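**Student:** In order, the protein sequence lines correspond to chains W and D. Residues in the first sequence are numbered consecutively from 1, following the numbering used here. Residues in the second sequence are numbered consecutively from 1, following the numbering used here.
Rather than coming from a laboratory, the hints here were simulated on the basis of the structure.
Now the in silico label distances, taken between C-beta atoms and shown as ranges:
(1) W:A344 x D:G74: 28 to 34 Å
(2) W:A344 x D:T297: 39 to 45 Å
(3) D:H139 x W:G129: 23 to 29 Å
(4) D:E3 x W:S98: 49 to 55 Å
(5) D:G43 x W:M347: 42 to 48 Å
(6) D:L301 x W:V20: 38 to 44 Å
(7) D:R181 x W:V213: 55 to 61 Å
(8) D:P165 x W:G232: 33 to 39 Å
(9) W:L310 x D:P165: 51 to 57 Å
Listed next, the stretches of chain D that the computed footprint assigns to chain W, with coverage defined by at least 3 CB atoms under 8 Å from CB atoms of chain W:
(10) 63–75
(11) 94–107
(12) 241–247
From chain W, some residues computed to sit far from chain D (all C-beta separations above 12 Å):
(13) W28
(14) G262
(15) T278
(16) R297
(17) Q317
(18) H324
Computed from a prediction, not measured in an experiment: that's the story for all the values here. The beta-carbon is built from N, C-alpha and C at its ideal position, and this holds for glycine as well.
Listed below, chain by chain, are the residues.
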Amino acid sequence: MSDRGQREGVGDGASASREVARFEVRLWRCLDVDGNALAPLPAFAGDLDHLRRLYRAMVRVRTLDARAVALQRTGQLGTYASSLGQEAVGAALGDALSAADVLLPTYRETLALLLRGVAMREILLYWGGDERGMDFAADRGDFPHCIPIGTQVTHAVGVAAAFHYRREPRVAVCVVGDGGTSRGDFYEGINLAGAWSLPVVFLVVNNQWAISVPRARQSGAETLAQKALAAGFGGEQVDGNDVVMLRERLSLAVERARRGEGPHLIEALTYRLADHTTADDASRYRPGDEVEHHRQREPVLRLRRYLTRLGAWDEAQEAECLAHCAREVEAEVAAYLATPPAPATAMFDHLYEALPAALAGQRRELAEKGASAPGAGDHG
Amino acid sequence: MAEVTLVEAINLALAHALGADPNVVVFGEDVGVNGGVFRATEGLQRRFGADRVLDTPLAEGLIAGLAVGMATQGLRPVAEIQFSGFIYPAVDQIVNHAARLRNRTRGRLTCPMVLRAPCGGGIHAPEHHSESNEALFAHVPGLRVVIPSSPARAYGLLLAAIRDPDPVIFLEPARIYRLIRQEVADDGAALPLDAAYVLRDGGDISLVSWGAAVLDCLAAAELLAAEGIGAEVIDVATLKPLDSATLLDSVAKTGRCVIVHEAARTAGFGAEVAAVLAEAGLASLLAPVRRVTGYDTVMPLYRNEQAYIPDVARIVAAVRESLQFS
Chain W
1 MSDRGQREGV GDGASASREV ARFEVRLWRC LDVDGNALAP LPAFAGDLDH
51 LRRLYRAMVR VRTLDARAVA LQRTGQLGTY ASSLGQEAVG AALGDALSAA
101 DVLLPTYRET LALLLRGVAM REILLYWGGD ERGMDFAADR GDFPHCIPIG
151 TQVTHAVGVA AAFHYRREPR VAVCVVGDGG TSRGDFYEGI NLAGAWSLPV
201 VFLVVNNQWA ISVPRARQSG AETLAQKALA AGFGGEQVDG NDVVMLRERL
251 SLAVERARRG EGPHLIEALT YRLADHTTAD DASRYRPGDE VEHHRQREPV
301 LRLRRYLTRL GAWDEAQEAE CLAHCAREVE AEVAAYLATP PAPATAMFDH
351 LYEALPAALA GQRRELAEKG ASAPGAGDHG
Chain D
1 MAEVTLVEAI NLALAHALGA DPNVVVFGED VGVNGGVFRA TEGLQRRFGA
51 DRVLDTPLAE GLIAGLAVGM ATQGLRPVAE IQFSGFIYPA VDQIVNHAAR
101 LRNRTRGRLT CPMVLRAPCG GGIHAPEHHS ESNEALFAHV PGLRVVIPSS
151 PARAYGLLLA AIRDPDPVIF LEPARIYRLI RQEVADDGAA LPLDAAYVLR
201 DGGDISLVSW GAAVLDCLAA AELLAAEGIG AEVIDVATLK PLDSATLLDS
251 VAKTGRCVIV HEAARTAGFG AEVAAVLAEA GLASLLAPVR RVTGYDTVMP
301 LYRNEQAYIP DVARIVAAVR ESLQFS
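The task is simple: from the sequences and hints, build the whole structure.
**Tutor:** Here it is, written out as structure tokens:
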């Protein structure tokens, strides 16, 4: 390289150094914890209806989460992962993606899925132990909940590679938790995204805890956003409880990827106010005052304060919103509870496109057992 | 019609699939310019372009996950794992995602992908290059597991695997990649993915195997024929789903069976074959089913690999033991 001499600084002895990267990780935020605007808000936020829509969406999932936890506690739902405190993530995702984009969620993206058109009863069916909860009736091609941590990252680059191959202006948006960024799948996925300059956006939802392991003990990296830099593309932090800025930054990243400008990573700084799941007891590993501290910073309260200060939200609207969400949730819970189980033989019916003859006997065995079981008729 | 080796037949099938369907993409480590370490993808990037025949970074979990993601979007990814011992990082993606995405989403998202990998020893390769891991995949619901033992079957089965709407693990016996040549019509004709092949008729004993061991069984049958012993040789070819009927029909005729595979014996796929015969063919059996397999040891490095791999002498000995049982 002709400029080698200028770019390399020769150090002591035989060693030489060349500056290949210098980085800073920017933290984006426009609403402080009290809902004050720290800077001019993004243009879309001038539309107060838009902000009210984001607010209502967050209240909607908070209402569902509370009800779902109650259902679990009363034996009417299986293990459930509440998104309490992380509602801005789903609201921003639901807003920033186009219909033709593909979302690859973790298991905590309830609101994002709802806003993508997944029915509440489908979410409940999934956690209620029924695969039909992943057969989204309003099919946008989004991936279902991903339980094995971080494994969806490589799927996202595969989806993006397919868009790239077909020259389609579509984007894969992959959500992964802070814990997921420890996985090989995460590194392998972002590495390829950078190498092939794929239309994919990674949203790292850093809720500070990988079940019981705090963020500081998961990685020696100062930020998770900077992991993108090693993969050859940009990374940034956003206050993940500031739905306005998160939506803005996510939307910008998605549109850049859509224009062929390659991948991007956003680390959304938030906090899991809930237990990891209903099977977890977070009080075993984190102090109550830490949770209280973050409770003051949660996203729903923050946007409500902003809207209230502008005179764009009042007690009556709040009451109406809560009542509306409660009505919807109750109706969906009723629909979920009234959904009879699928026939047990369904476990064979979607295993392959056509059931291999070798499995016909097993299916028959199950069907005959089902036919003779008491109450089998209820399960049709 | 050209005479080709097994690995050349793989290449022909890949080229045919790439030519026939724009959704087919081929990728893996060194499959592009280099044509694959075994040359299975030789010349494909030149013919079909670098956006359809892609070199990936060196990451097998990624290769499998990438295939899952592509497959959900209607592509037909054919991914190569370079050596058999490197497939294990991909197992998470295969088991947790590829094999069950259709079922999880009730058919909304599907995984029409092929994961190709060499299998078995006998080529003086370094450590971790000579694994026989077919039973591991045959245990996984939602997968198909295919192992060809001839150029023609490699061609027809690979085309079938690529066209199949579900994930297929396609294991290629490296030991016979170039051992035999056979006329293969490059006509795009696929073979069924649920059929075993009776390669040689015989009335005295059934030799059941797959992959490279099939050739050893054929050689053993030839030796036995000189003594007037009729050995029927069956290539299972598609381990999952297993064509039990062909096996049971053969044993109904011969009454005796020796199962031959290179993989370790305990919980090897031979155990499944033996169980099928015990469950549905016991009345036909005149002698206990015998297994000639790799030992329950780690595959030795190459100085001793021939001692591990079942050979013709061990197969013939097992046949004699079976015939002596009365």
